[in-house]
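Undergrad: Sequence:
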Amino acid sequence: MSKTIRLTTAQALVKFLNQQYISIDGKEEPFVEGLFHIYGHGIVLGLGEAMEQKPGHLKSYSGKNEQGMALAAIAFAKQKLRRKIYAVSASSGPGSANMITAAATAYANNLPVLLLPADVWSTRQPDPVLQQFENPLSIGITTNDAFKPVSKYWDKIERPEQLMSALIRGFEVLTSWDNAGPVTISLPQDVEGMAYDYPITFFDKRVHYLDRRPAVERELEEAVRLIQAAQKPVIIVGGGAKYSGAQEVLKVMADDYHIPLVMTHAGQSTLKSDYRYNLGGTGVLGTSAANKAVMQADLIIGVGTHYSDFLTASKTIYDFARAKFININVNRYQAYKFDALQIVADAKTALTQLHVLLAGYETAWGDDIFKWKYEWQLERERLGKLHFTKTFFEPEIAGHFSHDYLKKYSEILGTALTQTEVFLTINDFVDDKATIVTAAGSLPAEFQRLWWSKSENTNHLEYGYSTMGYEIAASLGVKLANPEAESYALVGDGSFLMLHSELVTALQYDKKINILLFDNGGFGSINNLQMEHGLISQGTERLTHDNQIMNIDYAAVAVGYGAKTYRIRTLEELKTALEDSKEQRFSTLFDIKVLPKTMSSDNVGSWWNVGYSECSNNLQAQKISDQRAKERKKARPY
874 MSKTIRLTTA
884 QALVKFLNQQ
894 YISIDGKEEP
904 FVEGLFHIYG
914 HGIVLGLGEA
924 MEQKPGHLKS
934 YSGKNEQGMA
944 LAAIAFAKQK
954 LRRKIYAVSA
964 SSGPGSANMI
974 TAAATAYANN
984 LPVLLLPADV
994 WSTRQPDPVL
1004 QQFENPLSIG
1014 ITTNDAFKPV
1024 SKYWDKIERP
1034 EQLMSALIRG
1044 FEVLTSWDNA
1054 GPVTISLPQD
1064 VEGMAYDYPI
1074 TFFDKRVHYL
1084 DRRPAVEREL
1094 EEAVRLIQAA
1104 QKPVIIVGGG
1114 AKYSGAQEVL
1124 KVMADDYHIP
1134 LVMTHAGQST
1144 LKSDYRYNLG
1154 GTGVLGTSAA
1164 NKAVMQADLI
1174 IGVGTHYSDF
1184 LTASKTIYDF
1194 ARAKFININV
1204 NRYQAYKFDA
1214 LQIVADAKTA
1224 LTQLHVLLAG
1234 YETAWGDDIF
1244 KWKYEWQLER
1254 ERLGKLHFTK
1264 TFFEPEIAGH
1274 FSHDYLKKYS
1284 EILGTALTQT
1294 EVFLTINDFV
1304 DDKATIVTAA
1314 GSLPAEFQRL
1324 WWSKSENTNH
1334 LEYGYSTMGY
1344 EIAASLGVKL
1354 ANPEAESYAL
1364 VGDGSFLMLH
1374 SELVTALQYD
1384 KKINILLFDN
1394 GGFGSINNLQ
1404 MEHGLISQGT
1414 ERLTHDNQIM
1424 NIDYAAVAVG
1434 YGAKTYRIRT
1444 LEELKTALED
1454 SKEQRFSTLF
1464 DIKVLPKTMS
1474 SDNVGSWWNV
1484 GYSECSNNLQ
1494 AQKISDQRAK
1504 ERKKARPY
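Under the working numbering, think of the first position of the sequence shown as 874, with each following residue one higher.
Since the hints were derived computationally from the structure, they do not count as laboratory data. Don't take each hint at face value.
[As the list claims (entries may be wrong)] PhoX-like, lysine-lysine: derived pairs with alpha carbons at most 20 Å apart: (1) Lys1210 to Lys1197; (2) Lys1078 to Lys957; (3) Lys932 to Lys1078; (4) Lys1385 to Lys1280; (5) Lys1306 to Lys1197; (6) Lys1437 to Lys1188; (7) Lys1437 to Lys1455; (8) Lys1188 to Lys1506; (9) Lys1021 to Lys957.
[Stated by the list, open to error] Across the chosen pairs, the derived CB separations fall in these ranges: (10) Glu1248 to Leu1416: 22 to 28 Å; (11) Val1089 to Arg1458: 50 to 56 Å; (12) Tyr1082 to Ile1012: 56 to 62 Å; (13) Tyr1278 to Ile1012: 28 to 34 Å; (14) Glu1095 to Glu1329: 29 to 35 Å; (15) Thr1449 to Leu1416: 55 to 61 Å; (16) Asp1304 to Pro1022: 39 to 45 Å; (17) Glu1357 to Ser933: 17 to 23 Å.
Just so it is clear, CB atoms sit at the ideal spot from N, CA and C, and this is done for glycine as well.
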């Protein structure tokens, strides 16, 4: 008979987490770094007690908002290339429900995170408990059932012994190449404290091996045939290429066979921007160089991408009449897209196999790709020099605003700064090894088009779900993943107002982050979307009840928390502050006032199929609606 150890469910959980290891390419290390938590009545006496007694190597951080701390955990896993995770726990009811948005973010981005929401009493005594809602359909339905559609694995522990099978199944998902994502294991607050005689063997060291899956001979033969028949292939570098560590083989493929590389949002900084075959981001927010390449390509090789509509310009950017597709992906579902030849394999391994088999091949691109890259660099420099004056400004979004409109904002906010000149100045002044985080609004467009990545894995762009509020929490997660480098959150005023609570967590635990807050007085990218479709500006500018522009002192907010702050209205103030912030020990916030409508604009190949009114009293809106209906017919329907 096997030996046992008597533990509560929560104690067994903590003990198990300490014994999980991951092994990739012969490197073995602990998989679970620690626990983010907000202790409420449903968790503090169970999991809280277990962490107090024997946390082992698990680090412990008390978050300030459940969504925020879960986003920090997700960003940590992303920055660690999915090879380490944090667990996240919260009290039952509204505390746990706050993590649902974060679970969806992890799901959309295939990022592993272990969510441990507390739940109501399994014994149903008392009933209803504090913060329990009652569903007439079934007394067994609780808040945590809402996690089911946004979890890769979901379970509820209603008896202590159920923990064993749930954790083993959950860690299969967390450590998966092809199915990584959020795992939710609900912990009823009474079960957390229940004791059970667990087999000691359950707590043996477990090593989860991530073995690289090679492409099979059939896949390789067909891929070689398609590539050798192509004159102008393009490789799309997705997040899967970054997680696989395929940087070097991508460069070898490009160098030897003259194949241009274009980046998805998640693939950004897989390679440095100065690499000659790296044409930058592609799609709706892409560079003209990258988009010209994919528009002329007769073969698209997608490496670790799921082809979002912003990447494909809503399925209009490729020449579907002649272009063929090869998809290299560990996930068979993703590999099937666009009727591609599916190579269901690890990106690094499959590309290495293909490189050997393609010896002697060369594309017909000639010098076009280098010319396009140079042309885009000139355009990037031009955008960095755009500056507003009281007498003149060259609009980037022609026809959607007047000089008087900008002048009014300039007078209220006390600034003449444009978003592009601020963005590119930041790019010039931050350290090469610094990691830059963004997620929502117009700033992801600047990243996809304009950011010059000086080191690998330093552009942390969450655009799988584009979660507003991700940026500041994520910068904390990035700092925990890479404590030696500076971590910057580039965030709009809209996202800042939605969620900035983990700035306090960063200050509490002495984890320095830097918040670069672009205040343009509203939801700028959505305001553009309104006006581009013939609508008036309504509900997207930060105006008072009597239609006055609000001028919020965000620096004062951060001062109250204890951060070092800078109020930025000129480029010289920005440059001085960026240098000074590098010497600061504590977290910083830059309150940067920028003029609306001064972000970079759409360029060649960018079209987004977005919902619009097909029946409007607004003649301009109806005209644009008719135009878009024609454009939709050009898109591939599947």
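Undergrad: Run every hint past the structure and note whether it holds.
TA: Hints, verified against the model:
In summary, the hint linking Lys1210 to Lys1197 is supported, as the alpha carbons are separated by about 12 Å, within the 20 Å threshold. The hinted pair formed by Lys1078 and Lys957 meets the criterion: a straight-line CA distance of about 16 Å does not exceed 20 Å. Restraint check for Lys932 and Lys1078: satisfied, since their Cα atoms lie roughly 19 Å apart, inside the 20 Å limit. Among the hinted pairs, Lys1385 with Lys1280 is inconsistent with the structure: their alpha-carbon atoms are about 36 Å apart, more than 20 Å.
About 37 Å separates the Cα atoms of Lys1306 and Lys1197, which puts this hinted pair outside 20 Å; it is violated. Annotation: proposed proximity of Lys1437 to Lys1188 is violated, straight-line Cα distance about 45 Å (limit 20 Å). Our distance criterion of 20 Å between C-alpha atoms is met by Lys1437 and Lys1455, whose separation comes to about 11 Å. Distance restraint check for Lys1188 and Lys1506: the Cα-Cα separation of roughly 11 Å lies within the 20 Å cut-off, and the hinted pair is therefore satisfied.
A threshold of 20 Å between alpha carbons decides the hint, and for Lys1021 with Lys957 the separation of about 23 Å lies outside it, so the pair is violated. The hinted window of 22 to 28 Å between Glu1248 and Leu1416 is violated, with their beta carbons roughly 39 Å apart. Separated by about 54 Å at the C-beta atoms, Val1089 and Arg1458 satisfy the suggested range of 50 to 56 Å. Distance hint for Tyr1082 and Ile1012: a CB-CB separation of about 42 Å, inconsistent with the stated range 56 to 62 Å.
A beta carbon spacing of about 57 Å between Tyr1278 and Ile1012 contradicts the range 28 to 34 Å that was offered as a hint. At roughly 31 Å, the beta-carbon separation of Glu1095 and Glu1329 lies within the given 29 to 35 Å, and the hint holds. Separation of Thr1449 from Leu1416 is about 32 Å and departs from the stated range, judged on CB atoms against 55 to 61 Å. The hint said 39 to 45 Å for the Cβ distance between Asp1304 and Pro1022, and at roughly 41 Å that hint holds.
For Glu1357 paired with Ser933, a C-beta distance near 22 Å keeps the hint of 17 to 23 Å intact.
Hint compliance for this structure: hints 4, 5, 6, 9, 10, 12, 13, 15 are broken, all remaining hints hold.
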